[in-house]
Amino acid sequence: MSLELNELYKSFGGNQVIDGVTLEIEDRKVTSLVGPNGAGKTTLFNLVTGFVAADRGTVRFAGRSLDGLAPQAIKRHGLVRTFQNLRLFLDMTVHENVLVALESDLSVNFWSRANRAPAERVLRRVGLWDKRQQMAGELSYAERKFLSLARVLATGAPCLLLDEPAAGLDGPSLRLFHELVREFKDGGGTVLLIEHNLDIVRDVSDRIVFLDKGRIAAAGTPQEIFSNPVLGELYFGIRVGGARGEAAGHAAR
Amino acid sequence: MLAYLLNLAILLGIAVILAWSLNVLIGYAGIFSVMHAVFYGVGAYVAAQFALHVSADFALATLAAMAVTGALAFLVSVPVLRVREEYFVVAAIGFQMVASTVFITWESATGGMGGLTGIPPARLLGFELVSPAAYLALTLVCTLACVLVLLALVRSPFGRALKALRDDETAAIALGKHPVMLRLVATTIGGAMAAIGGSLYAFYVSFVNPESFTLDYSVLLMAMVIIGGAGSLLGPVLGALFITVFPALLNFLQVPSSVLGPVQQIVYGMMIVLLMLFMPEGLVSAGKLLARRSK
Chain A
170 MSLELNELYK
180 SFGGNQVIDG
190 VTLEIEDRKV
200 TSLVGPNGAG
210 KTTLFNLVTG
220 FVAADRGTVR
230 FAGRSLDGLA
240 PQAIKRHGLV
250 RTFQNLRLFL
260 DMTVHENVLV
270 ALESDLSVNF
280 WSRANRAPAE
290 RVLRRVGLWD
300 KRQQMAGELS
310 YAERKFLSLA
320 RVLATGAPCL
330 LLDEPAAGLD
340 GPSLRLFHEL
350 VREFKDGGGT
360 VLLIEHNLDI
370 VRDVSDRIVF
380 LDKGRIAAAG
390 TPQEIFSNPV
400 LGELYFGIRV
410 GGARGEAAGH
420 AAR
Chain B
41 MLAYLLNLAI
51 LLGIAVILAW
61 SLNVLIGYAG
71 IFSVMHAVFY
81 GVGAYVAAQF
91 ALHVSADFAL
101 ATLAAMAVTG
111 ALAFLVSVPV
121 LRVREEYFVV
131 AAIGFQMVAS
141 TVFITWESAT
151 GGMGGLTGIP
161 PARLLGFELV
171 SPAAYLALTL
181 VCTLACVLVL
191 LALVRSPFGR
201 ALKALRDDET
211 AAIALGKHPV
221 MLRLVATTIG
231 GAMAAIGGSL
241 YAFYVSFVNP
251 ESFTLDYSVL
261 LMAMVIIGGA
271 GSLLGPVLGA
281 LFITVFPALL
291 NFLQVPSSVL
301 GPVQQIVYGM
311 MIVLLMLFMP
321 EGLVSAGKLL
331 ARRSK
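Residue numbers (the working numbering), protein chains in the order written: chain A, 170 to 422; chain B, 41 to 335.
All the given hints hold, so there is nothing to weed out.
Residues from chain B that face chain A, not an exhaustive set, calculated with beta carbons under 7 Å: (1) P197; (2) R200; (3) K203; (4) A204; (5) D207; (6) D208; (7) A211; (8) I213; (9) A214; (10) L215; (11) G216; (12) H218.
Capping the alpha-carbon separation at 20 Å, the derived lysine to aspartate or glutamate pairs in DMTMM-like fashion look like this: (13) A:K382 to A:E333; (14) A:K198 to A:E393; (15) A:K354 to A:D372; (16) B:K328 to A:E307; (17) A:K354 to A:E333; (18) B:K328 to A:D260.
A few chain B positions that, by computed beta-carbon distances, are all more than 10 Å from chain A: (19) L42; (20) Y44; (21) E125; (22) M137; (23) T145; (24) A177; (25) V181; (26) L188; (27) N249; (28) Y257; (29) F282; (30) A288; (31) L293; (32) G301; (33) L317; (34) F318.
None of these hints come from the bench; they were simulated from the model.
We put the beta carbon where it would ideally sit given N, CA and C, even for glycine.
The shape of chain A in the complex, shown without the other chains:
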């Protein structure tokens, strides 16, 4: 069920945003995309999920080509994404937000009531079951983040593309996020993650891909990437050779 990106190119108005990206996202692993703003991370998500058409190149998932497919068709192939700005259905309840995600394969179905158990299970897991009747627009920022995550987890899709899911979360929320990603992976799921919180990236990732100016500048295990002196100095703010190579901050933010 691996996700393969082959020689992807995309430009906007002469600006080459994605410049020949070839990448294999390994099955049942968490792969993080990192890099400075404007590196092309979200554009890559948009290309993979069909929201933007590539100028050139191919995307395959589980051996099947996704080229030219509409986003809703790509979702049916098992790839589901979140958005940096969350895009919750604010005038719908928390419960409805998750039910919509569960019922997504039946685009027109009046009578079928999807199995509500997965919605309950996911909402309980992210701590929002007690707020299920509240409007999504009434939730706090952190709760909205978890609702966004619950929505994609409920779909049962094998591959999640998460766009900055941990941004702005505090300690306990970050721990919960970490647990959720770990559980999803242990259950056989694949995650492609865009995240600027480098502590989270280091903790949850099996592999890190460093994107810069639309190209893959480096790829490897967290240890390899974080110990790379050039990348560390330039983007992570890490002083290699310092006490446990500590992160000086979220320089890539």
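Start from chain A and add chain B according to the hints.
Just chain B now, kept in the frame of chain A:
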């Protein structure tokens, strides 16, 4: 006085059904349709023709009207829904103008400007519904049937998908929703439901002509939904109540007939502007606002 009130109640029932049918589009699917009077009109003409040439059975005539109008709404929506937002409004106005012309010129089907006359009283289960009270009962049954269908609809996966599309189309698509398919079904349902109002109207007044199904009436229907509050079941009822009862109130206050029309237009326009400024969710949100203030 009783006859007047019965008449008002029947017209209100028809307006509520029409506002609900438009609310499926505006409130749940996020489609700002300015052509709803067309579906109301087609429903009325089909029911009238059915009554004149086939049977005056209300149920059969209404089913025929719903089938034809639903099919027309579907066919019209295929090209029209390809354009978005403001372009859709323009396309809808264009369709309304074409349809108004067809209502006037297709004399064999619509009777032209003279309309269709002599529509027999509705029959239901072997009874002829002649008295206004009986017709009001029929209108109430139709209204009840519509609200039950709408309740089932908005609580179904389809209803949730529509609302999701209205709230955030990009997110809905990312979750697998098919926007064109969903909107096509919504416009078909809205069109078919408008035909119920058309059928009720045709049998009630026993006469239909193009003047009842103009662009002005499409705008008035839109005003009902917006003034009352789109996206809820109560909102269109409040809007229909306001739009139907307000002229009656002006009559009651003996406003001269020469200024009645302009006064109505000015008040509707002002209402919409004021509501957009202070209560963008419509009259239905007044309760919420009061509750918030009392806290």
